[in-house]
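With the hints as extra help, turn the sequences into a complete structure.
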Amino acid sequence: MTATDPNAFSQSSSAEQHFSSDLSGRYRLDNIFRIASWVATVTALVVLAFLLIDVLIDGIPRLDWQFITSFPSRSAERAGILAPLVGTIWLLFVTALFAFPIGVGAGIFLEEFAGDNLFARILEVNIGNLAAVPSIIYGLLGLAVFVRVFLPITGGRTVFSAGLTLALLILPVIIVATREALRAVPSSLRQAGMALGATRWQTVREHVLPQAFPGILTGTILALSRAIGETAPLIVIGAQTFVPFVPSFRGTGFSALPIQIFNWVGRPQAEFHVNAAAGIIVLMIVLVAMNATAIYLRNRFQAEKM
Amino acid sequence: MLFQLRSKRFAYLAASIALTFVVSACAGGGTDTSTEAPEGETAEAPAEGGGDLSGSIAIDGSSTVFPVSEAMAEEFMAANPGTQVTVGTSGTGGGFEKFCNGETQVSNASRIIEADEIAACEEAGIEFIEIPIAQDALTVVVNPENDWAECMTIEQLSTMWAPEAQDTVTNWNQVDPSFPDAPLALYGPGTDSGTFDYFTDVVNGEEGASRGDYTSSEDDNVIVQGVVGDPNAIGYFGYAFFEANSDSLKAVQIDGGEGCVSPSVETVLDGSYTPFSRPLFIYVSAAALEEPHVRGFVDFYLDAANASLVEEVGYVPLGDELTPLVQARVENGTTGSAFADAPEEASIPEILAQ
Chain X
1 MTATDPNAFS QSSSAEQHFS SDLSGRYRLD NIFRIASWVA TVTALVVLAF
51 LLIDVLIDGI PRLDWQFITS FPSRSAERAG ILAPLVGTIW LLFVTALFAF
101 PIGVGAGIFL EEFAGDNLFA RILEVNIGNL AAVPSIIYGL LGLAVFVRVF
151 LPITGGRTVF SAGLTLALLI LPVIIVATRE ALRAVPSSLR QAGMALGATR
201 WQTVREHVLP QAFPGILTGT ILALSRAIGE TAPLIVIGAQ TFVPFVPSFR
251 GTGFSALPIQ IFNWVGRPQA EFHVNAAAGI IVLMIVLVAM NATAIYLRNR
301 FQAEKM
Chain B
307 MLFQLRSKRF AYLAASIALT FVVSACAGGG TDTSTEAPEG ETAEAPAEGG
357 GDLSGSIAID GSSTVFPVSE AMAEEFMAAN PGTQVTVGTS GTGGGFEKFC
407 NGETQVSNAS RIIEADEIAA CEEAGIEFIE IPIAQDALTV VVNPENDWAE
457 CMTIEQLSTM WAPEAQDTVT NWNQVDPSFP DAPLALYGPG TDSGTFDYFT
507 DVVNGEEGAS RGDYTSSEDD NVIVQGVVGD PNAIGYFGYA FFEANSDSLK
557 AVQIDGGEGC VSPSVETVLD GSYTPFSRPL FIYVSAAALE EPHVRGFVDF
607 YLDAANASLV EEVGYVPLGD ELTPLVQARV ENGTTGSAFA DAPEEASIPE
657 ILAQ
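Just so you know, the sequences run in chain order X and B.
For reference, each letter of the first sequence is one residue, going 1 to 306 in my numbering.
For reference, each letter of the second sequence is one residue, going 307 to 660 in my numbering.
Treat each hint with caution, since some may be false.
What follows is a set of in silico ranges between Cβ atoms, one per label pair, in the way DEER data are often shown [unchecked claim]: (1) ALA292(X) x GLY577(B): 55 to 61 Å; (2) ILE60(X) x ASP576(B): 43 to 49 Å; (3) GLU456(B) x SER75(X): 31 to 37 Å; (4) GLY577(B) x SER75(X): 55 to 61 Å; (5) ASP561(B) x PHE50(X): 41 to 47 Å; (6) ILE137(X) x GLU433(B): 43 to 49 Å; (7) SER75(X) x GLU451(B): 29 to 35 Å; (8) GLU456(B) x ILE32(X): 28 to 34 Å; (9) ALA646(B) x PRO152(X): 36 to 42 Å; (10) PHE50(X) x THR476(B): 41 to 47 Å.
These are computed hints drawn from the structure, not numbers from a lab.
Backbone N, C-alpha and C fix where the C-beta goes; we use that ideal spot for every residue, glycine too.
Printed below as a string of structure tokens:
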């Protein structure tokens, strides 16, 4: 087509023309892309806002002190969320207690100490695979190991077993996040440390880890947020739906927020659906409180580094 | 400076870990004693309805039966403050798994125990007593604007829902020539549901045999929404979901061969709402039933005075005819499943009277 074009000018003038005529075109393309990414962002926000507003409108009127401090009941008005709320806080605590030190420790080992050998590569591939295993599989693993084999330690179907199972579930995520955070620390820092005669551990402890800590915390928070929304492994471990007492660490009979919410959503009576909305708000408050704590800690660590 | 800060942080961590174990030790110890002590106490206490029973009961199983057990547990605990009852919802199958493993004393079931589950219990040496505790009316619903499907026969439902109907029966007038020329919109529970099993067994003659091209959901509220929003829709679920939405849905009368009958507490109780009324069960371990608090709970469950609790959560109570039969079963300690052995066409009283 261009071969028969009668307006084929000399090389230079065509390039000039091409450049000037395309300038506005490129700006237009720029704009189109900007609008597209704006639409993508706004879509996500609108969906989120819609969900939040919907839940808040339904749930806020139900959310009162009675709701927070009551046990489950057949009547929606008398039912409350105390047992699942305490259960979820327990679970978070146990999960963080085990997953954080082990996950960060493994991440440091793999990134800073293991080097690049076959063993490390096998570990790496397996951890990557574990992160993609469905949570119900972890539930079955937890049932076999923590509930059955470790019965004398965990007490069977308890918060302890469930917390350990959730810890396993999020361990790969924490390890991967820790490694990413450590990898982002420039290696000149390590070289400088070791050039001054520090051992590897001293370098890691004093220079690398503090730099990477905010990133590690962010990864941990994301992992814990996933853990508190899990239902399937908890049901396998033995979480109950009607728990009329405050669950204890090693006592049988515990519940968790997602299980209670799921039960309420599935009930025929509309009043229970309102309870479910209020339960979702409680779950979100727990989540936000957790994230706020992490952000506070992260900021403190960042300030300390200065 | 940095090191000091850090060691302080480690001290915090160490302290909090130590605290956890102290708390856990206390908590663990606390529960141990609370489960042991009651057994000693109850040995002296005479059973029967008294407010001084104590001990813990673990219940798990069907989420359909859950509301009834929850209501019973709530009131039983209010009457006997020393008792602790937990109810789980891991499904009828999941419940039996724990039950036959000796982990629960009572198992909720929306269907009769299956042969392999009986075998598992036998192997573990767990004898059980099968107790029907309530009835459910499987309810076929249409949109209130639907003025043609007032009453339907099982044959008509089968025309609609049979596996052969897939992709061929798509219009109301194919079900019955008197029905209008309107597209058929089908809503039903998913294949994991006990309601699905029961409906397919009755309507299509084989458990699980159903056309697949319908809108299915494990959450019956989705079916409610679907039928409410579509004048040409038809769906089915348990009576509780119809009762909670009776102002926006219409129940189809069922002609089981003896005229049209609407689902209601009365028609289920007098046995006329057939074949869509089904019993719901609890299975109680025979060994556990010898403990006063478990026996007290089962008696409380079957007490005619507590039948209103069953109705309150949307189910149909056993009624005057069945209650004594079931109570006698508990009294005699009749173990095994009468329903599993019973012939297809036997009625509930006939089965229980055996």
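For each hint, the structure was consulted:
1. ALA292(X) x GLY577(B): 55 to 61 Å: Because 60 Å falls inside the window, the suggested range holds.
2. ILE60(X) x ASP576(B): 43 to 49 Å: 45 Å, holds
3. GLU456(B) x SER75(X): 31 to 37 Å: 34 Å, holds
4. GLY577(B) x SER75(X): 55 to 61 Å: 30 Å, violated
5. ASP561(B) x PHE50(X): 41 to 47 Å: Since the Cβ atoms of ASP561(B) and PHE50(X) sit about 45 Å apart, the hinted range of 41 to 47 Å holds.
6. ILE137(X) x GLU433(B): 43 to 49 Å: Violated, at about 34 Å.
7. SER75(X) x GLU451(B): 29 to 35 Å: 33 Å, holds
8. GLU456(B) x ILE32(X): 28 to 34 Å: Roughly 58 Å apart at Cβ, these two residues miss the hinted range, so it is violated.
9. ALA646(B) x PRO152(X): 36 to 42 Å: Holds, at about 37 Å.
10. PHE50(X) x THR476(B): 41 to 47 Å: 34 Å, violated
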